[in-house]
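Enquirer: The residues making up each chain are set out below.
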Amino acid sequence: MTAVTAGRALRWVALLVLCAVVAFPTYVTLATAFLPPRDVAAGALLPDPSHLTLDNVTNALDAVPLLHQYLVSAAVVVVQAGAQLVTASLAAYALVFPPWRGRRTAFALIFATLAVPGESVVLPNVETVSALGLRDTVLAVALPYLCVAYPVFLLRQAFSTFPREVWEATRLDGAGHLTCLARFVVPIAAPQLVTAGLWSALAAWNGYFWPLLITDSTEHRTVQVGLAQLVAGEPPTGVVYAGTLVVLLPTLVLVLLGHRFLVRGLAARLT
Amino acid sequence: MRGNVPHRRWSGGPAGLLLCLPCLVVLAVFGYWPTLRTAYLSLHSTDLFGRPTRFVGGANFAALVTDPTLRQVLVTTLVVAALSTALATGAALAAALLLRTATPPGGRIASLVLSLPFAYSTAAASATFAALFSPAVGVIARLCTSFTGDPGPGWLTSPFWAVAAIVIATAWYEFGFTLLVLLAALSRLDREVLEAAALDGAGELRTAWAVVVPALRPSLLFVIVTQTVTGLQIFTQVQVITKGGPGDATHTIVYELYKRAFGEGLPQYGIASSLALLLLVAVVAITAAQFRLTRSWT
Chain F
7 MTAVTAGRAL RWVALLVLCA VVAFPTYVTL ATAFLPPRDV AAGALLPDPS HLTLDNVTNA
67 LDAVPLLHQY LVSAAVVVVQ AGAQLVTASL AAYALVFPPW RGRRTAFALI FATLAVPGES
127 VVLPNVETVS ALGLRDTVLA VALPYLCVAY PVFLLRQAFS TFPREVWEAT RLDGAGHLTC
187 LARFVVPIAA PQLVTAGLWS ALAAWNGYFW PLLITDSTEH RTVQVGLAQL VAGEPPTGVV
247 YAGTLVVLLP TLVLVLLGHR FLVRGLAARL T
Chain D
3 MRGNVPHRRW SGGPAGLLLC LPCLVVLAVF GYWPTLRTAY LSLHSTDLFG RPTRFVGGAN
63 FAALVTDPTL RQVLVTTLVV AALSTALATG AALAAALLLR TATPPGGRIA SLVLSLPFAY
123 STAAASATFA ALFSPAVGVI ARLCTSFTGD PGPGWLTSPF WAVAAIVIAT AWYEFGFTLL
183 VLLAALSRLD REVLEAAALD GAGELRTAWA VVVPALRPSL LFVIVTQTVT GLQIFTQVQV
243 ITKGGPGDAT HTIVYELYKR AFGEGLPQYG IASSLALLLL VAVVAITAAQ FRLTRSWT
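First to last, the protein sequences are chains F and D. In terms of my numbering, the first sequence opens at residue 7 and continues consecutively. In terms of my numbering, the second sequence opens at residue 3 and continues consecutively.
Note that these hints are calculated values from the structure, not bench results. Hints are not guaranteed to be accurate.
Under the rule of at most 25 Å between Cα atoms (straight-line distance), these lysine to any residue pairs were calculated in the SDA-like manner [unchecked claim]:
(1) K261/D with G60/D
(2) K261/D with V144/F
(3) K245/D with P155/D
(4) K245/D with V34/F
(5) K261/D with H226/F
(6) K261/D with T134/F
Where chain F lies over chain D, by a calculated footprint (3+ residues, C-beta under 8 Å) [stated by the list, open to error]:
(7) 88 to 101
(8) 280 to 288
What follows is a set of in silico ranges between Cβ atoms, one per label pair, in the way DEER data are often shown [to be verified]:
(9) R266/F with T150/D: 42 to 48 Å
(10) P248/D with L58/F: 34 to 40 Å
(11) P248/D with G88/F: 42 to 48 Å
(12) P193/F with S298/D: 35 to 41 Å
(13) R266/F with S47/D: 52 to 58 Å
Just so we're clear, the structure is a prediction, and the values are computed from it rather than from any experiment. Ideal Cβ placement from N, Cα and C applies to all residues, glycine included.
Work the whole structure out from these sequences, hints included.
Expert: Next up, the structure:
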């Protein structure tokens, strides 16, 4: 019996150590973001509650126009994730319900792009976007990603569970494809739509390489690129940690609240 | 008129294609075209403005092997991808197995704390680690000083420790996603099998090793492949934490591509494109291998 208890205690100790190691960077970020530079320089790992300040946060927001870039990132998320949901719903519907010539080819062409790493096609994409005269615009950040394969994949799986006889009945009643999609299919697949939307929003907010390449002026850059520039320009004081925290906040909330939906997306990918 | 509806339904018509069109157009312009264009550019040398000038055949690809700088880039990329994948997968598997038997209140808090890295973007994770690793004033250097009196390794000045810093930052960033996948897979495991193993008197460790790990095999393959693919594309960590340094010690494929195509020097689109194509072929090959392996298991 003591061996069992000892084993259990050992497992909790191991878990505790793992938690401490993994949480360490986040802890330092939190502890340092709200301390005056004096305490940070002195290496205070246990923050003195009476010294807490919001100066770092306001400095970070002013340093690069992080606040403005916040709005740029928000716009990119709305446009990119919104467009991905629309294009993916249309494509997934077309791949599941109506039979048409070329459906298998379209299916293969869409899903083959799942294996194409985004980083390997940036060079010609910079050429294309520049040729369109869109370089250094907010639209350019979202443009190549208005449709990606992953949400199509998630929604195709969701739509496949919609009973085919019901679809045929609504069609026989004279409903058009768009009506059918919006009125009958989408409501049934609402949870998966949320999952797809969360993944799309997360990817849009977190993007770095493409936004860095296609924008030049600080006012068209996303908050991720702004954060990297904050790091390049500052010694690692509370301002950098405060900036990180500001950038991290929306995704942290999203992950904590949307945990269930994100895991559903992962589970769908595993089958 | 209703009579001919069923007939039209089966003959299809342009509706399906029209519905797929927005998607197909975006993928054609920003997925397929740039792939072809990259292949074309990789076979040419370019002028001062990066415009293709002369067909050079496989010369750019030969340079990837013969040029010592480029060879080093490939080696560094493989080392970083392999080590960070091994570290993150090992730690996440250990965490998942520990969480499996942890009782609710503590276990729930632990799993929430352990998924923290998943909330980070590559830029946020890189910014954090850049601050942690920075010499003298960085938290890690200060901790080392207060315990040993010595600021510890020169994370950004020694080639070895700079690669280690990139590996650690990447493994930490990947850990959150990997753990979430493994936890999702664990929650779908067959309860009866696990209970039968427990009734047989199999201990925790034995059950974990003989029952749980084999059942997780497809998910483990998935996370290893996903992380290897992400590892081969590492850019943000390098640009933010080490800026490729010291010297060229932490240049990875995508960082080198970035430097050659958009860096301060003259644009070398040919070499940059051959790096991009190499990356593409590697990723497609790994994904195809995963696909075949998974199919053979089911």
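Enquirer: Compare the structure with the hints numbered earlier in the document and write down the numbers of the violated ones, lowest to highest.
Expert: none
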